[in-house]
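**Student:** Chain B: place on chain A using the hints.
Chains as they are written, first to last, in the numbering used here: chain A, 90 to 545; chain B, 16 to 206.
No lab work stands behind these hints: they were computed from the structure. All residues carry an ideal CB built from backbone N, CA and C; glycine is no exception. Hints are supplied without guarantee of correctness; some may be wrong.
As the list claims (entries may be wrong) - With a Cα cut of at most 27 Å, we get these calculated DSSO-like pairs of lysine-lysine:
(1) A/Lys160 / A/Lys267
(2) B/Lys206 / B/Lys127
(3) B/Lys126 / B/Lys99
(4) A/Lys425 / B/Lys195
(5) A/Lys370 / A/Lys273
(6) A/Lys355 / B/Lys206
Said to hold, decoys possible - Far from chain A, some chain B residues (derived; all Cβ distances over 10 Å):
(7) Ser85
(8) Asp111
(9) Ala120
(10) Tyr128
(11) Thr129
(12) Ser169
(13) Gly187
(14) Ser189
(15) Glu190
(16) Asp191
(17) Ala192
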Amino acid sequence: MSRKEILWRLTSIAVALAGVVAAPALTKAARQGQQPSAISTVISSDSAGTPPRYAVPDFVALTPDASDVAKTLGQVLWDDLNFEREFYMIPRDTYTSIPVARAPEQIAFDRWRELGADAVVFGTVQRTGNEVRVQVRLFSVRSRASVFAKEYSGSANNPRLYAHTVSDEIHDQQRGLKGVARTKLAWISDRDGVRLGDTVENRQVKEVYYGDYDGANQRRVTVGRRLNLNPSWSPDARALAYTTFRPNPDIFVSLIYQGVLQNPTKGVGTNYLPVFSPDGKQIAFMSGRDGNPEIYAMNVDGSNLRRLTNHPAGDSSPTWSPSGLQIAFTSDRTGKAQIYLMNSADGSGVSRLTVNESEADRPTWSPAPFNEIAYSASTGRYDIKVLEVSTGNVRQLTFGEGTNESPAWAPGGRHLAFTSTRAAGGRTQIFTIGRDGRGLRQITRDGNNQTPAWSN
Amino acid sequence: MGDMRNTTIVVAITLALATTAACGKKKVATGPQPPPVEEPAAVTPTPPPPAERVEDRTPVAQPLAEDGISNKSLDDLNRDSPLKPVFFPLDSAELDDSGRAIATANAAVLKKYTTWGVTIEGHCDERGTAEYNLALGERRAVAVKTYLSSLGVSADRIRTVSYGKEFPFDMGHSEDAWAKNRRGHFVITSK
Numbered sequence: 090m091s092r093k094e095i096l097w098r099l100t101s102i103a104v105a106l107a108g109v110v111a112a113p114a115l116t117k118a119a120r121q122g123q124q125p126s127a128i129s130t131v132i133s134s135d136s137a138g139t140p141p142r143y144a145v146p147d148f149v150a151l152t153p154d155a156s157d158v159a160k161t162l163g164q165v166l167w168d169d170l171n172f173e174r175e176f177y178m179i180p181r182d183t184y185t186s187i188p189v190a191r192a193p194e195q196i197a198f199d200r201w202r203e204l205g206a207d208a209v210v211f212g213t214v215q216r217t218g219n220e221v222r223v224q225v226r227l228f229s230v231r232s233r234a235s236v237f238a239k240e241y242s243g244s245a246n247n248p249r250l251y252a253h254t255v256s257d258e259i260h261d262q263q264r265g266l267k268g269v270a271r272t273k274l275a276w277i278s279d280r281d282g283v284r285l286g287d288t289v290e291n292r293q294v295k296e297v298y299y300g301d302y303d304g305a306n307q308r309r310v311t312v313g314r315r316l317n318l319n320p321s322w323s324p325d326a327r328a329l330a331y332t333t334f335r336p337n338p339d340i341f342v343s344l345i346y347q348g349v350l351q352n353p354t355k356g357v358g359t360n361y362l363p364v365f366s367p368d369g370k371q372i373a374f375m376s377g378r379d380g381n382p383e384i385y386a387m388n389v390d391g392s393n394l395r396r397l398t399n400h401p402a403g404d405s406s407p408t409w410s411p412s413g414l415q416i417a418f419t420s421d422r423t424g425k426a427q428i429y430l431m432n433s434a435d436g437s438g439v440s441r442l443t444v445n446e447s448e449a450d451r452p453t454w455s456p457a458p459f460n461e462i463a464y465s466a467s468t469g470r471y472d473i474k475v476l477e478v479s480t481g482n483v484r485q486l487t488f489g490e491g492t493n494e495s496p497a498w499a500p501g502g503r504h505l506a507f508t509s510t511r512a513a514g515g516r517t518q519i520f521t522i523g524r525d526g527r528g529l530r531q532i533t534r535d536g537n538n539q540t541p542a543w544s545n
Numbered sequence: 016m017g018d019m020r021n022t023t024i025v026v027a028i029t030l031a032l033a034t035t036a037a038c039g040k041k042k043v044a045t046g047p048q049p050p051p052v053e054e055p056a057a058v059t060p061t062p063p064p065p066a067e068r069v070e071d072r073t074p075v076a077q078p079l080a081e082d083g084i085s086n087k088s089l090d091d092l093n094r095d096s097p098l099k100p101v102f103f104p105l106d107s108a109e110l111d112d113s114g115r116a117i118a119t120a121n122a123a124v125l126k127k128y129t130t131w132g133v134t135i136e137g138h139c140d141e142r143g144t145a146e147y148n149l150a151l152g153e154r155r156a157v158a159v160k161t162y163l164s165s166l167g168v169s170a171d172r173i174r175t176v177s178y179g180k181e182f183p184f185d186m187g188h189s190e191d192a193w194a195k196n197r198r199g200h201f202v203i204t205s206k
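One chain only, chain A, in its complex shape:
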């Protein structure tokens, strides 16, 4: 592709956004502009069976005040691409010997070739006040052709989001997969160190927090200085359901971008462990309202309440199947906690899923295309295991470093978040890990943090 063609292409997809937009936005035309149109849009490795090798140098600041944003973008994009493990990411500290390109025609392809790169990103940032304009191109080092060229503009308030967007779009174009770079994690934390009121016991407030999937931009959701537990994202990632103890434990749904708080269980009985159905219309939860912990389901507004389990043992931790037709849950009806399955319509068709565990809890059903249930398995302490529903095969992801609990799948089922005490200091922190048990990352460091939920 000639430089003229590149410019034409860029121009054809460039989006001049009117007004300040918090998120980098794209027009329909821009999306269409990126449909794979030529045979050469996917960059592969020289040798079959190995992932293509990517280089992401610092973005170029076209205006002096854009240098901070430019630095952030290069690093965050590298981290995002590295997280998915679809590409081999060439370490950034090895780029120092390669001349910095200020324009695409200055890219030293021969030198990148020597470094073994198959793909190199070239990005620029231009800043006007609090507005930024980011251009990103992905070049095949072999053909020296741009296979991806986009422009994003908007507010400079959260530069990381531009990198996250580019990462997701590169994964979509190059690998046909939905990346998680723009997803969020939610959890509860005692980091505020606030003592709970109305009690003579020394108890810490636990508030709901959320942040980017990589731990950046952490924010508090709840402000009530109470105990809050077990957040669950709505499928549109705009609401969190959780239990607040007022002091009666009740389920609340917080529309986090609107500041609206709903209370579907309306103080009837004790209510815990809410989880949204995959279509976002229902919430399954545990309640003691009839004198014993049982699983119930209701519409998000609290209507259409129905009881799904009826057993003198404790039934807890519901999770919906991707179709919404089934619910897996924990029950100690055999004496020890094990994971069971039932139909979500009426609680019929109960069958036991875990057969080789001394105890198993907190099932979490993966989204499509995988049909797997992650859970906490007793191994002396607890470790995260994954059960393939169709075969019953089990694999273990953690191996006794601290205790590991409360797994939560990322959208796409390629990663999980979980709670672990493995970090120095013995505090409870949120970690993420690949579905194969590789790529561990620590997400939280402040206070104790537990029970993650991963947004779409």
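**Tutor:** Then chain B, alone, in the frame of chain A:
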């Protein structure tokens, strides 16, 4: 006049003894007027010294503090509660013999103070998972409530809540600590 004085003294002594016996090792606070009743150890009804002091005064008829519990604030009551925690065996929500004995004593207190409302908190040790322990704590709290109801304490006065393993009483990681953390904990919420 002399008769009246004697009567007052007898009433004071009788009340003091009754209170001391009923409350076991509860410390009894001093009332507005009459003698400060000393310490729990006085379970053995021995010499009530207050009598002499009362003799020195001009007897005036005043209401006696009932027993030093009724006029405590809720916080003070809960800080040194007459309602003792019911402890549970590992991974169990069934009351054992000692659990039933404690619950029975608590039921007696609740039947004496009929206006009190209580919340029974179910707590668990740290060995189960956070989620499972919410269910286990719920069953513990309900088990205690059910037992109290069977002894005649109205269920309307008892709320239950499970805190799972979120609020351990002993932060340790020993068998001793775990045993303290597996409990149905009573909180007086109204009086």
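**Student:** None of the hints should be skipped; say for each whether it holds.
**Tutor:** Status of each hint after checking the structure:
1. A/Lys160 / A/Lys267: Roughly 25 Å separates the two Cα atoms, so the pair holds.
2. B/Lys206 / B/Lys127: The hint holds at about 12 Å.
3. B/Lys126 / B/Lys99: Within the cut-off at roughly 15 Å; holds.
4. A/Lys425 / B/Lys195: holds (22 Å)
5. A/Lys370 / A/Lys273: holds (20 Å)
6. A/Lys355 / B/Lys206: holds (25 Å)
7. Ser85: Since the minimum Cβ distance to chain A is about 18 Å, B/Ser85 lies beyond 10 Å and the statement holds.
8. Asp111: holds (17 Å)
9. Ala120: holds (20 Å)
10. Tyr128: Non-interface label stands for B/Tyr128: nearest chain A Cβ at 18 Å, farther than 10 Å.
11. Thr129: holds (23 Å)
12. Ser169: holds (16 Å)
13. Gly187: holds (13 Å)
14. Ser189: Since the minimum Cβ distance to chain A is about 15 Å, B/Ser189 lies beyond 10 Å and the statement holds.
15. Glu190: B/Glu190 clear of chain A: closest Cβ-Cβ about 15 Å, beyond 10 Å.
16. Asp191: holds (18 Å)
17. Ala192: holds (15 Å)
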